[in-house]
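Chains as they are written, first to last, in full-length UniProt numbering: chain U, 1 to 318; chain S, 1 to 318; chain V, 1 to 318; chain Z, 1 to 318; chain E, 1 to 318; chain D, 1 to 318.
There's no promise every hint is true.
To be verified - Straight-line Cα separation of at most 30 Å, BS3-like style, residue types lysine-lysine; simulated pairs:
(1) D:171 with E:5
(2) E:71 with E:126
(3) U:98 with U:317
(4) V:126 with D:126
(5) U:126 with E:5
(6) V:71 with Z:98
(7) S:57 with U:57
Stated by the list, open to error - To list a few chain U residues with every Cβ distance to chain D over 12 Å, as calculated:
(8) 26
(9) 90
(10) 124
(11) 285
(12) 289
Since the hints were made in silico from the structure, they are not lab data.
All figures in this text were calculated on a predicted structure; none of them were measured in a lab.
All C-beta atoms, glycine included, are put in the ideal place defined by N, C-alpha and C.
6 protein chains.
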Amino acid sequence: MAGLKYMSGFGNEFASEDPRCPGSLPEGQNNPQVCPYGLYAEQLSGSAFTCPRSTNKRSWLYRILPSVRHKPFTPMSCGDLTENWNDVEPDPNQLRWKPFNIPKSSEIKVDFISGLHTVCGAGDSKSRNGITIHMYTCNTSMTDKCFQNADGDFLIVPQQGEILITTEFGKMMVEPNEICVIQQGMRFSVDVFGETRGYILEVFGAHFELPDLGPIGANGLANPRDFQTPVAWYEDRTVATGYTVVNKYQGKLFSCQQDFSPFNVVAWHGNYTPYKYNLENFMVINCVAFDHADPSIFTVLTAKSTRPGRSALTFLKP
Amino acid sequence: MAGLKYMSGFGNEFASEDPRCPGSLPEGQNNPQVCPYGLYAEQLSGSAFTCPRSTNKRSWLYRILPSVRHKPFTPMSCGDLTENWNDVEPDPNQLRWKPFNIPKSSEIKVDFISGLHTVCGAGDSKSRNGITIHMYTCNTSMTDKCFQNADGDFLIVPQQGEILITTEFGKMMVEPNEICVIQQGMRFSVDVFGETRGYILEVFGAHFELPDLGPIGANGLANPRDFQTPVAWYEDRTVATGYTVVNKYQGKLFSCQQDFSPFNVVAWHGNYTPYKYNLENFMVINCVAFDHADPSIFTVLTAKSTRPGRSALTFLKP
Amino acid sequence: MAGLKYMSGFGNEFASEDPRCPGSLPEGQNNPQVCPYGLYAEQLSGSAFTCPRSTNKRSWLYRILPSVRHKPFTPMSCGDLTENWNDVEPDPNQLRWKPFNIPKSSEIKVDFISGLHTVCGAGDSKSRNGITIHMYTCNTSMTDKCFQNADGDFLIVPQQGEILITTEFGKMMVEPNEICVIQQGMRFSVDVFGETRGYILEVFGAHFELPDLGPIGANGLANPRDFQTPVAWYEDRTVATGYTVVNKYQGKLFSCQQDFSPFNVVAWHGNYTPYKYNLENFMVINCVAFDHADPSIFTVLTAKSTRPGRSALTFLKP
Amino acid sequence: MAGLKYMSGFGNEFASEDPRCPGSLPEGQNNPQVCPYGLYAEQLSGSAFTCPRSTNKRSWLYRILPSVRHKPFTPMSCGDLTENWNDVEPDPNQLRWKPFNIPKSSEIKVDFISGLHTVCGAGDSKSRNGITIHMYTCNTSMTDKCFQNADGDFLIVPQQGEILITTEFGKMMVEPNEICVIQQGMRFSVDVFGETRGYILEVFGAHFELPDLGPIGANGLANPRDFQTPVAWYEDRTVATGYTVVNKYQGKLFSCQQDFSPFNVVAWHGNYTPYKYNLENFMVINCVAFDHADPSIFTVLTAKSTRPGRSALTFLKP
Amino acid sequence: MAGLKYMSGFGNEFASEDPRCPGSLPEGQNNPQVCPYGLYAEQLSGSAFTCPRSTNKRSWLYRILPSVRHKPFTPMSCGDLTENWNDVEPDPNQLRWKPFNIPKSSEIKVDFISGLHTVCGAGDSKSRNGITIHMYTCNTSMTDKCFQNADGDFLIVPQQGEILITTEFGKMMVEPNEICVIQQGMRFSVDVFGETRGYILEVFGAHFELPDLGPIGANGLANPRDFQTPVAWYEDRTVATGYTVVNKYQGKLFSCQQDFSPFNVVAWHGNYTPYKYNLENFMVINCVAFDHADPSIFTVLTAKSTRPGRSALTFLKP
Amino acid sequence: MAGLKYMSGFGNEFASEDPRCPGSLPEGQNNPQVCPYGLYAEQLSGSAFTCPRSTNKRSWLYRILPSVRHKPFTPMSCGDLTENWNDVEPDPNQLRWKPFNIPKSSEIKVDFISGLHTVCGAGDSKSRNGITIHMYTCNTSMTDKCFQNADGDFLIVPQQGEILITTEFGKMMVEPNEICVIQQGMRFSVDVFGETRGYILEVFGAHFELPDLGPIGANGLANPRDFQTPVAWYEDRTVATGYTVVNKYQGKLFSCQQDFSPFNVVAWHGNYTPYKYNLENFMVINCVAFDHADPSIFTVLTAKSTRPGRSALTFLKP
């Protein structure tokens, strides 16, 4: 997949159409009565409609079939996923996890979804306040199956093995020392190329942002230009045997069936997208004479709480 | 009740006295050592004392007997009311309720309180954060009984049958296509005139407000002039058989007895009152050339969360 | 004029119609194609259209003839009015003015306008930032003449002699130990009843507000209920000899002629109005054990600067 | 110039390089010790370094010769440009300008700079607070000459004749019913194709922004996708006879000479750029049942004052 | 302990060193590679690193042995401490506690920790939102034992018996009519001198602050000068039998052992410290003419919620 | 003057008394009817009374004679001081000043006041908005003379020669590579020890603050601990020949006579004080891998404008 293309910038108002369908992106309006190629226009909201510009997030997707054309969701096993912190006794000792073992594909086939393990968390998705940390270990690509997190955003940190993520917005290849963010409600499917492991930071009720830099100035830490968003890519594929959509909703898993691939978005525009970032581009700043700065100086992305200066979740450059 | 009078304006600093007791409203101070007619002065707070002007809410009530002159509260059955969301499994499918059946008064007498059913919700009243949606179905007026919600505000939306609401501030007749708001701590009694149904939006920890209009300008959507607040009305009535006050507190019901009607407020002033609104007065705004605006353009009232632009609960014009 | 009526409340959304024309206030909308009695609807804006609710000010006036029906403005003598501070050398010594002499009506007729003297100021009206302090001394009522300040708000403090102020919103009688505020753009005429003197605080670019009270709580200092706004009053009067409108614009005076009284507003509604306040109602608060509080504890009204906690102009109870 | 390309989005973090120099944009850092092609890296700041993300503006330009390589500035005639409002008496009458006459090129050659006339204004550039409105009338393209406004931003509204604007960021063709914005410090040259006229809104100390939409929601008025920013274009051109840079600084004009074209930026990235907008894309919103909204509903771009909801300057769709 | 010294001021950037070790506080930097006297430098954070100045709290402690040199924590009995409010039924009646009985030391030895009883609360420490009210009753000093609250801040109000509190920052003697605050993460030990009782306000996720005074001005209520912070004091004491550190974490108690006293901080500096206040210094303010102010006028300290003007917890002068 | 003592901390609530008068600082209140030693209590305000805690500045001074006991101010020559920027033509070229020559004391005696030269500025003191930059060159100490700036704060940067500054709060010795700040309204006298030169940054309407550090965290740049405030020092000295107070007011100089030294403050407390800082303590932070940060990374002190992130004046470490 060396040929994957990306658009640069953080939080840009992007626009992209698959080159196989020139003119598929409507011009001058969002929701024409008849879209080019007979596509269906859908708005995917990433914020309350009434948020101010700086936090107002939405994208318009133009797709071959509407996303609601699926059978009802039914509960499925949550495996090692949980959001119920009361089941665990608190422990004030400093903890460190040794790397989770990755199952051998010769023994058992595990894909990204079945390989999710919740490590810890606080708060809950229902109250739109809190975070969760998961690990993923897998050895098999997801086949005719996608995942959608209705609870919050996933910041994915591969530790071993690159992952190819197909989303409604296009494809991203993410390798160790890169991170990617799949925001709430975006459907995606993960292909792997061997034994694969990483961790996931999930945040409810707030999106990841670049920190304000204060006296550091207009450049520094993770620069917005170095974030990469995929370009539109679609498949017009019928899946007679059924395509499975797995939905995490209020901390639990549900699945439904449909008879076509959800990655049928021919064109899209908007500022609510998945994106990735290479940690090598981080512009490191620190004390140059004596002492050293607090670890916040390594902030890559942060999700704000409602107290000024206090984050709900911050990802630091390792 | 065609003769009911109202004062116009949203969030005004109102003043009203029952015309049967001229001069009952003290002038120039709130809490004289001896009030006119020997009334008792009580402040009903709708906010922290220290809130800034724009959110500071309180009214002064001048009443025949103090509101605390009642026997202790004891728990009572909560019927179909609940605030315990963990008892219900989440369901990611889109849901729609068919209209609740209204019991026939020939079969069973049901008043506004016993006819309350909780439909859904999130958060809880204890943490002062969250919402609940209830239905009410009833066929009988409340007799020698009033309700008081210690948990939050009720926005009541009649669907079938008008309701006559007697409050400590006066009387309101509310018909379908009208809404009314009874704020936290205000006692009220509901009279009905047949089979009656509606729904109730309850919000904890925030009051309903008119939305800021941004570029829409100084007029539009629900205009403040069209909100109506009752005028003072009292009854000086002893209830030998006992008057029942039902209190919803932390999601549960309690009742106590007293030997007089609580609607004994002869005069009052303040900016914390019940009010009603006729949805026909809504000044509809939308796109006039192409596309259409997001549903927030139909916002009648909204209760703010602590994230800018994100509401805890918004009532849209149906 | 003992019979003058007022509506109580500060910043309320008021509505009023002259009882001689019942139904003159349009219901349910602001700007009907045909108003009752053939009146003209005009919006008087007291803020940018896009201000948030708490600072958004406007009123709708329904009048017999449109306010623009006048001849062009021409410059007139400014007398002792000025906004040019560079003409005066600064003086760091503490200053106190002895009372200005009031001219005898037997010697010279002076009305409110010709009796204006600027005492001091800072900033200017053009930049919408600054204040001015004027004195007025007069002995004669304004006849077929009104004043309109396009630059800012007048807070008028009578020292000697009551003044009867006729405005587009109705009439107010203001006596010593009372104050009144005529906001930007409101036309008014002043009648006096002998030798009359007072001072005027003028502020540009901000309106007077009640201060937030902080720990003082929900009541105290000037209570909103004690502010009084006039009720609608109109005259349908032709002035063949010409009615003069004097306009202060960018610190200078201009006048124009029209052939009818501008006080022809039959009904109005809105939250942008003139108002008055009796200083006896001020709820004085201070230290009760030792020391004494700073003078800000006597704040009646304040006009905010854009620095938190710093006012552009504050009027303290004398 | 039909072939001009633009990038879409408002306030995006853009990146562009002239296709004649592939790889000219440095990757992964802004200021390498040796830039590709031996280019000079320069940061153009559009805000204080310490502004928060939402108002922090800067671009990095990679150019053939440094922009400071010019001779000193010397004063030149300001023609009809001024910033001295005290020279004009105020006039409270409503004013309207009839269209300025455009000089015939057969009689006199007038380019964009010499054809500037100040119409009115307030505040001044020194205090970083205020606005100016200019007209331009011209019949001749600027030759070996560019303009740079050190005082504020220009929002240009062509009335007659399209204009081709060459900037350090690339080229834009702007026709009547389009607008463009050239921000503070950006050098540009204007080519015309006949008798040409338009007006210019200039604002000091604030940039133009899209308004927050409030209840209108995530789409409406001027949509961010419809703003267009030029792509990188350069010329490596020596001008033996001297290239003139005209600088407006504190309301006055200065010029200096250099021996090369300033449009030598081979690649650039950043969020501080010129842009244009076609007013046909404006998504008109208004009342659909009765009354009409305030004119703010036609806001295309607005420059904020420091009072919430009050703009320094707003451009409304005509 | 009459000789105990304190530093005055609220929230000051303090610096203190035990006079037995002159020069123990490093100058000009916080974290030298070798500290004076071979001390260990530790930063104790009282806020997120990224909080703005007004809420950024941290201190640097220079100690003989690192604080992490202890054995692992193990759970211990929580006695009457709890944070589980769901176990108690709500009760809307007004409640008042009669004084808790203090056990006789002749019958049972009870120290500060074992004498803690939770009275009521709301929210929880995990979500960093909520409060708890505890009582303490004890008759015996803590021996070779200290307490550390990882959940929030303790505001301690002695009712009977003075308490001598040894902290990592020094010693404080607190008597009835005084209060003290021990903030999150600060280890302390309590000595008593007889039968001792008091109550404790605990707040999660916010620190106590002095209220903004609004119109009261620059002086009044609890003045910052009257708050007292201890001076550095250390003991270099080995405890062969084991020193016990008790940790409250997520509402439960844990203990660990170490072989030295934790009060080994020779010098420290910073703005995150314990402090005490004598309620006699409270500058009482109230109405002096009529009515009386709301109880907020007696605010000593308040912990803010995220709603303007609404506190999470306020301590009023009794 | 090696023995000068200072208190450490920025913006602390300090308290100090001259050791020659133990107990001179009143305890438990600010304004006793009779102060210790018969001193006069005076409050020196550094902000509006109503500013929130974080910007509320004032000190209480206890002095031998009241500060108002002086004869009236009269204008004096302003020398090279000015605030009139319109007298100078703007110049867009980059400017650099060569060092001002210091007059020889053998030729002419010049003290700090007579050696002041204004270099440039913007805004003005009357509107409380703007800055000025002055140089000082002098060779003689001020004798029986002090200076008081009623317009704004002085940040003094010695370039050659240390200066001994006597203030109402005590004495400070400031050497090259140190800076000091004398805030608005504080009287001071300057002693020099040879040919002396430096520059002065003056800001109107805002005080200098430490910048918020954002991701830099809780430590870095100028640390608050390294700022030094003088300790109380007084002289009880009659000056029969007259002591001169020079006052800069609205950009002009005035002087008055009194018959005693103004440095008669025996004790004081408060958070509004002069202070100094040694630039060697600046904790330098910058990029450590590639590129370099914007100059704001060297911010020592900044005075905020009313636009977020934009300063009125920033002093960078040279």
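Verification of the supplied hints:
Under the criterion of a C-alpha separation no larger than 30 Å, the hint pairing residue 171 of chain D with residue 5 of chain E is consistent with the structure, at around 26 Å. Under the criterion of a C-alpha separation no larger than 30 Å, the hint pairing residue 71 of chain E with residue 126 of chain E is consistent with the structure, at around 24 Å. The hinted pair formed by residue 98 of chain U and residue 317 of chain U meets the criterion: a straight-line CA distance of about 19 Å does not exceed 30 Å. Between residue 126 of chain V and residue 126 of chain D the CA atoms are separated by roughly 16 Å; this keeps the pair inside 30 Å, and the hint holds.
Restraint check for residue 126 of chain U and residue 5 of chain E: not satisfied, since their Cα atoms lie roughly 51 Å apart, outside the 30 Å limit. Restraint check for residue 71 of chain V and residue 98 of chain Z: the C-alpha separation of about 21 Å stays at or below 30 Å, so the hint holds. The hinted pair formed by residue 57 of chain S and residue 57 of chain U fails the criterion: a straight-line CA distance of about 34 Å is larger than 30 Å. The non-interface label for residue 26 of chain U is consistent with chain D: the shortest C-beta to C-beta separation is roughly 37 Å, beyond 12 Å.
Once the 12 Å rule is applied to beta carbons, residue 90 of chain U is consistent with being away from chain D; the minimum gap is 26 Å. Against chain D, the non-interface label of residue 124 of chain U holds: every CB pair exceeds 12 Å, the least being about 28 Å. Not every C-beta of chain D lies more than 12 Å from that of residue 285 of chain U, the closest at about 5 Å, which undercuts listing it as non-interface. A cut-off of 12 Å between C-beta atoms contradicts the statement that residue 289 of chain U is not in contact with chain D; the least separation is 4 Å.
In the structure shown, a violation is registered for the earlier hints numbered 5, 7, 11 and 12, in ascending order.
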